[in-house]
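Undergrad: Chain by chain, the residues:
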Amino acid sequence: MINADGDLKVENLKVHFGKKTGLFGGPGQVVHAVDGVSFDVPAGSTLGIVGESGSGKSTTALAIMRLVELTQGKVTLGETIISDLEGDALRSERRRFQMIFQDPYSSLNPRERAGDIVKEPLHLMKIGTKAERDDRVSELFTQVGLRPEQQALFPHQFSGGQRQRLGFAKALATTPGLIVCDEPVSALDVAIQAQILNLMSDLQDQMGLTYLFISHDLGVVQHVCDEIAVMYLGQIVEQADRLSLFSRPRHPYTKALLAAVPTVHGSFVNGKRRLREPGMRIKGDPPSPINPPAGCRFAGRCPKAEDQCHETAPAFRHIDTGHKVACHLV
Amino acid sequence: MMNALLEVRDLIVEFKTRDGIVRVLDQISFDVNAGEILGIVGESGCGKSMTALSLMGLVPTPPGNIAGGRIAMQDQNLLDLDQEQLRHIRGSEISMIFQEPMSSLNPVFTVGEQIAEALRLHEKISSKEAMDRAIDMLQAVDIPEPESRSKAYPHQLSGGMRQRVMIAIGLACRPKLLIADEPTTALDATVQAQIFDLLKNLQKDMDTAIILITHDMGAIAELADRVAVMYAGRIVEQGSVVNVLMEPKHPYTKGLIDCVPHLETNPSTERKRLTEIPGVVPALDKLNQGCAFAPRCAQALSHCNDIKPQLDSVDNAVNIELDHADKNQELVACHLYGTTGNESQGVAG
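One line per chain: the protein sequences are S and E, in this order. According to numbering that gives the first Met the number 0, the first sequence is numbered sequentially starting from 0. According to numbering that gives the first Met the number 0, the second sequence is numbered sequentially starting from 0.
Because the hints were derived from the structure by calculation, they are not lab data. A hint or two may mislead.
To be verified - Restricting the straight-line Cα-Cα distance to at most 25 Å, the calculated cross-link-like pairs of lysine-lysine (DSS-like) are:
#	chain 1	residue 1	chain 2	residue 2
1	E	123	S	282
2	S	303	S	254
3	S	271	E	253
4	E	307	S	271
5	E	15	E	307
6	S	254	E	199
7	S	323	S	8
8	S	282	E	199
9	S	282	E	150
10	E	150	E	123
11	E	203	S	271
What the hints assert, rightly or not - Taking CB as the label site, the calculated pair distances span:
#	chain 1	residue 1	chain 2	residue 2	range
12	E	312	S	329	49 to 55 Å
13	S	242	E	282	40 to 46 Å
14	E	83	S	27	22 to 28 Å
15	E	312	S	110	50 to 56 Å
16	E	61	S	242	55 to 61 Å
17	S	84	E	57	52 to 58 Å
18	S	141	E	84	57 to 63 Å
As the list claims (entries may be wrong) - Derived list of chain S stretches under chain E, where covered just means 3 residues or more per stretch with a C-beta under 8 Å from a C-beta of chain E:
#	region
19	179-191
20	195-202
21	240-246
Since we're looking at a predicted model, the values are computed, not measured. For each residue, glycine too, the CB sits at the ideal point set by N, CA and C.
Using the sequences and the accompanying hints, generate a full structural model.
TA: Printed below as a string of structure tokens:
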């Protein structure tokens with residue numbers, strides 16, 4: 000099925016929190032949560048954003064959903080400039096882009112029945128007659144692998160995986176083209192995680208959905224995403240299709256991130272524990288996004304940093320077809 | 000053969016609930032040898048953390064109750080000790096670090112004071128001496144500028160630093176056994192890797208045995224020497240890490256390894272489907288008579304639902320050089336292996 004909502008385009012997105020002037024007129028503290036992020040997600044494909052906590056990946060998701068105020072930048076879905084919409088126009092366009100949250104326990108109203116939770120977006124958007132809405136909810140329950148008779152249950156009567164299925168049913172109610180998923184499986188047990196990831200790819204095949212997939216788990220991202228952007232301290236440091244990113248990572252941060260993931264199969268060679276390559280470990284924690292370093296933001300932790308890295312910020316540029324990197328040393 | 004530092008035999012823990020008595024640990028047996036890392040892995044609710052609490056004597060009683068078994072630390076049964084005696088052992092012989100370092104550190108004392116407190120509880124030393132040793136510990140866990148950091152409060156440190164402080168407290172009295180309950184689950188990947196390196200180095204330097212509790216098979220592969228896989232309050236498979244991870248026997252272990260998307264350096268352009276374990280972990284008060292995993296198991300035989308498989312040794316099919324006694328220590332509780340299933344089938348038939 001073809002997705003009619005078109006591509007997602009994000010240009011120079013910035014989200015800053017806080018004030019430039021402090022309480023008594025002194026300099027205030029501004030958190031540069033997202034600082035100039037641009038990417039495209041073609042309709043029907045999945046872009047993954049990976050990064051550690053504080054990298055700005057969730058804020059990017061919220062900004063695209065218009066759930067935090069944009070400081071600067073432009074977000075376009077198909078022909079519609081989402082970042083310019085206000086009031087009723089924004090509300091009615093919301094049917095085209097929906098969101099899945101990390102915690103299926105806190106993102107569902109505990110006092111509402113499952114069927115009503117899924118029906119609510121149809122209500123708000125005034126879609127269909129009462130009978131049509133009822134049919135649609137039953138259809139959605141089946142689509143996400145729940146039984147229509149479970150509509151009468153309350154959220155606490157579902158398991159974590161089932162609750163995340165409910166989240167998908169709710170998000171799909173208005174037939175959106177774009178679904179922004181913020182860590183959709185990280186609160187779930189590994190066995191349940193696989194069920195939800197398989198559901199996501201089934202839904203994408205059936206409906207041609209576009210996914211923006213936010214995660215800290217590189218294994219999961221590799222599994223679901225066509226293209227991956229690696230964020231560090233509010234900026235994208237590397238972006239490439241799945242094959243090039245994982246087979247030829249270029250940015251030292253991406254390399255360190257990949258080396259940090261313990262894997263079952265990568266840990267042994269011929270029945271013996273494999274020794275780690277020294278020098279793949281990075282030290283310390285990411286610096287504060289309040290006063291990000293002037294040059295490359297990763298320079299302070301980078302094992303290969305040179306003088307220029309601390310002085311000038313590297314440009315985010317193409318180095319290969321479909322492979323972009325922001326690093327002086329590549 | 001090595002003498003085990005800790006011997007757990009047939010440990011049974013039950014909880015009283017409104018619907019009757021629920022068995023949360025069912026005949027758990029394992030050994031931890033001096034200086035080795037034993038991994039305990041499983042989904043939430045399988046009893047991993049309850050095992051740790053039992054070893055520490057921290058099972059909330061009531062409603063909990065250790066209904067049977069033995070926990071022997073160097074030939075002393077910990078279950079025979081009273082709270083006063085246990086307090087001497089906790090922290091000095093066995094200590095524990097938890098998942099969320101922020102909620103296990105005291106927010107109103109400096110981290111130096113908290114490490115020193117652990118030392119002064121178990122050793123007769125002056126507060127000055129304790130503080131000096133606390134600073135040494137901070138240095139041992141790779142905290143930069145340990146002297147000034149010892150005066151910091153927990154909220155002034157990052158998550159990774161806090162977990163380092165927890166490790167410093169845990170290891171301050173050089174315990175023989177450290178229990179790490181999901182020590183890196185709340186941390187980022189690069190910080191997790193740092194903590195793993197630290198644990199490995201400290202374990203080597205101090206010859207401390209570690210029980211690593213986690214749901215992450217990758218973490219087990221990276222750190223552990225041996226592993227026990229738990230499901231619904233029982234150990235279903237146990238053995239050396241190489242054997243269990245490379246040649247898993249129990250269908251649940253296989254499922255746990257296969258359902259995780261594995262990071263590959265050369266991913267195929269085509270997207271593969273993940274192997275699912277259907278269904279969810281059963282509630283412990285609604286277990287069947289037989290193997291608790293049978294309802295979710297694709298290979299279940301007709302008697303799996305009725306007869307409980309016992310943890311039994313399997314002939315090792317993997318041809319890997321093993322250390323001395325390890326060959327006989329590959330255990331699995333599954334009717335698809337060993338002889339218990341067939342015998343019981345005869346009895347049931």
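Undergrad: In ascending order, which of the hints set out earlier in this document are inconsistent with the structure?
TA: 1, 4, 14
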